[in-house]
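Using the sequences plus the hints, can you model the full thing?
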Amino acid sequence: MSDGNQPNDNEAEPDALAGDHYGMDDSDDDTLVSDLPEAIREGRLPAFAAAAGFSSQPAPEPSETSPEVDEPAAGTYEEDSETHQPIPALYLAQFDTPDALAHAAASLRDAGYRKWDCHTPYPVHGLDEAMGLRPTKIGWIAFCAGMVGLVTAVLMIQFMNNWDYPIIVGGKPPGAFPPMVPIMFELTILLTGFGTLFGLLHLAQLPRHHHPIFESEQFAAATDDKFFISVEATDSLFDLHKTRDLLSGLGPSHLELVEVPA
Amino acid sequence: MSDAPIAELGESHLLPEGTTFHDITEAVAGVTENKAPRGWWVLFVPSVMLLGVMVACIVYLLAMGIGVWGNNAPVYWAWDITNFVWWIGIGHAGTLISAILFLFRQKWRTSINRFAEAMTVFAVLCAAMFPALHTGRPWFDYYLFPIPNQMNLWPNFKSPLMWDVFAVNTYLTISVIFWYVGLIPDLATLRDRSSNLLRKRIYGFLALGWRGSHRHWQHYERAYLIFAAISTPLVLSVHSVVSFDFATSIAPGWHTTIFPPYFVAGAVFSGFALVMTLMLITRSVFQMHHLVTIKHLDLMNKFMLGTGLLVGYAYAMEFFIAWYSGNPYESWVFLHNRLGFGELDSEGNWGPLWWSYWAMVSCNVLVPQIFWFKYCRTSIPIMFVATILINIGMWFERFVIIVTSLYRDFLPSSWGDFHPTWIDIGLYLGTFGLFMTLFLLFIRWIPMIAIAEVKGTLPSAHPHAAAHHHDPSSQQGPGHGVPGHGAHVPLPAE
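Chains as they are written, first to last, in this note's numbering: chain E, 1 to 262; chain G, 1 to 494.
These are calculated hints, taken from the structure and not from any lab test.
For every residue, glycine included, the Cβ atom is placed at its ideal position computed from N, Cα and C.
Take these hints with a grain of salt, some might be off.
Between beta-carbon pairs, the in silico distance windows are [said to hold, decoys possible]:
id, chain 1, residue 1, chain 2, residue 2, range
1, E, C144, G, F319, 46 to 54 Å
2, G, V45, E, H84, 42 to 50 Å
3, G, E26, E, R244, 29 to 37 Å
4, G, N149, E, P173, 22 to 30 Å
5, E, D164, G, Y142, 13 to 21 Å
Some chain G residues well away from chain E (every beta-carbon gap over 12 Å; in silico) [said to hold, decoys possible]:
id, residue
6, N72
7, F178
8, V241
9, I258
Just some of the chain E residues that point at chain G, by a computed CB distance under 8 Å [stated by the list, open to error]:
id, residue
10, A102
11, Y122
12, G126
13, L133
14, D164
15, P166
16, E186
17, L257
18, E259
Have a look at this one:
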């Protein structure tokens, strides 16, 4: 990715940029896939490092592009790939209103799908129920982290001011309780905050800069004004035809099969 | 249309009717994508110059020592601590708007919370600089942290100054985290709109690969609620702890139990005033009139009126206690040092800093009274001048508390006066340079209005009859529809 601001698809498809998230993972842009440093293709470096432009080695020369969509450059992605057929990753259905989305979500929930998701520009209320989600556990993570903070504060102050180097200030006992309160409070808050942040990142499995859903150009609207449902191919109920029929019956304004290069 | 305003209650739309999701994206994201308007440069260039003044003052201060300040016996705390308390107070409005108004489901906050949170972070940075320099040898400031040092000494946790270290650092950290977590969805919006690879990489990196997944939103909303819930007591604690720096000492004028709530109310008051000042400027420079409407400003002004009354009450109560306690030293501080009444001192003066007390009262108590009138609450020039006066008044409040409590001590032989030096002045003005530079960079490159949250306040933002277990009664009330509505885990079925 040493080509800086000049991705190879700039001249060919200027309009594609709207949906091109990282300039490197577009399914219809095999040259960029081939640009990936060896380390990332082999999974040794996280993809977000590449997205940020940290490459462990100079990018190889781009191979000759073939204009066909969904046709990976031979031998650049997986050496042992025989057919180079793109692999279906997920169905992506676009809806224009939150009402349509919630209806569709309830249908998918009732159909028994597990590995599917709604993608919205803002948190849409009522989707928890429509998707049948269980309550989040992040509160427990935050609470435990906060308690660690509280205990840390007590132990730290008692160790430092009472045990290791007792100091008598203002005629108070070295381990007096009242002066500990502000610091007990602040450390509880501090660690609750860290617990919440890292709990959120852990539960959401973020940062994750590479996801098949970004292969879709349509998906850029998910952070603007459109509502999406994705059904992942790894779901046990996923079937190229049945899932498509189910989704198209829900009245999406756009439906596509998102594929990743083989 | 459960989210629609209830006309019978006098509610009206926050944003003009017919505003679409895409309008909001365009308006906010466009600021970071278009060329900076001339007004931005007009503000940015002097800000950077002021920042240069600050850097020059700090370099001089480090080279010469803090004797270059005007602090001297008996006024050992002066502008440095005044500025510290003032800047910390400024920051409090940001947390108040982002956390406390969130808990109260005040959805009008969404147009201003990002703004105010950024202000918090930058104001706390400005504030933290002053005590760090005031230690005299800032390169030894690590003694303040509970880490082993070469003297084999631990910090004294019974000192309120130590509490301050923890409170301010926790506040800064939590404010940054809260701000950043709120930014993630909006950074994803900028990423998806990027027209060149550099922007895409930078915003993409910062957005952490956010894809608007509802499974993420579910955790995110609860996390946001937790941040709001911990920030609320945190913000109250920070200025309380700052007030302990004074209240736990036995100096007359400082040793007062009213200080914690008094400081918190004053902090919120001054912070709101500065949010208003900056918002009025930004709103006109970037043409944000449809997102930050007169209705928002009206509500902000009401808030300032309320906190202004609280502050006025605290001023009055200090006098009452000075009289009611029967403590002659306390009465002396209030009548002589502050008001300028009472006996002449040995040099034949009334308290020579009496004017600072009256500057404080006129700016903080009298000026906000204009907000009883709707005309003043909705007139941009009037509120602009009023917010500036309030900030001046709040700076004087801290100056009055600190300097006029110290400069006429118990013994006339130890009386002294305080005169600021050029370094005092340059450093204070310089922090405006630091603050404004950071702030202008923020509004230029980061979505200054919380895109995702504002979208959630649109009447069409939430499904109406879709979810099967939807509880229509939960839709009532003016607060419904606050984005990041963390409590929205699945409701029990009806």
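Against the structure, the hints:
At roughly 48 Å, the beta carbons of C144 (chain E) and F319 (chain G) sit within the given window of 46 to 54 Å. Judged by the Cβ atoms, the range 42 to 50 Å given for V45 (chain G) and H84 (chain E) is violated: they are separated by roughly 56 Å. Judged by the Cβ atoms, the range 29 to 37 Å given for E26 (chain G) and R244 (chain E) holds: they are separated by roughly 33 Å. For N149 (chain G) and P173 (chain E), the Cβ-Cβ distance of about 25 Å falls inside the hinted range of 22 to 30 Å, so the restraint holds.
One distance hint, 13 to 21 Å for the beta-carbon pair D164 (chain E) and Y142 (chain G), holds here, with the actual separation near 18 Å. No Cβ of chain E approaches the Cβ of N72 (chain G) within 12 Å, the least distance being about 27 Å, so the stated non-interface status holds. With a minimum CB-CB distance of about 8 Å to chain E, F178 (chain G) fails to clear the 12 Å threshold, and the non-interface call is violated. A beta-carbon of chain E is positioned within 12 Å of the beta-carbon of V241 (chain G); the least distance is around 6 Å.
Here I258 (chain G) stays apart from chain E, with its beta-carbon at least about 18 Å from theirs, past the 12 Å limit. For A102 (chain E), the shortest C-beta to C-beta distance to chain G is roughly 3 Å, which falls under 8 Å, so the interface hint holds. Taking 8 Å as the C-beta contact cut-off toward chain G, the hint placing Y122 (chain E) at the interface holds, the least distance being around 4 Å. Residue-level restraint check for G126 (chain E) holds (minimum Cβ-Cβ distance to chain G is 4 Å; threshold 8 Å).
Interface restraint check: L133 (chain E) against chain G, minimum CB-CB distance 6 Å, threshold 8 Å, status holds. Interface restraint check for D164 (chain E): the shortest CB-CB distance to chain G comes to about 7 Å, inside 8 Å, so the restraint holds. The interface hint given for P166 (chain E) is broken, as the beta carbon of that residue sits about 10 Å from the closest beta carbon of chain G, more than 8 Å. A hinted interface residue such as E186 (chain E) counts as satisfied when its beta carbon comes closer than 8 Å to some beta carbon of chain G; here the least separation is about 4 Å, so the hint holds.
Restraint check, L257 (chain E) versus chain G: the minimum CB separation of about 18 Å is more than 8 Å; hint violated. With 8 Å as the threshold, the beta carbon of E259 (chain E) stays out of range of chain G, its nearest partner Cβ sitting at about 17 Å, so the hint is violated.
Checked against the numbered hints given earlier, the structure breaks hints 2, 7, 8, 15, 17, 18 and satisfies all the rest.
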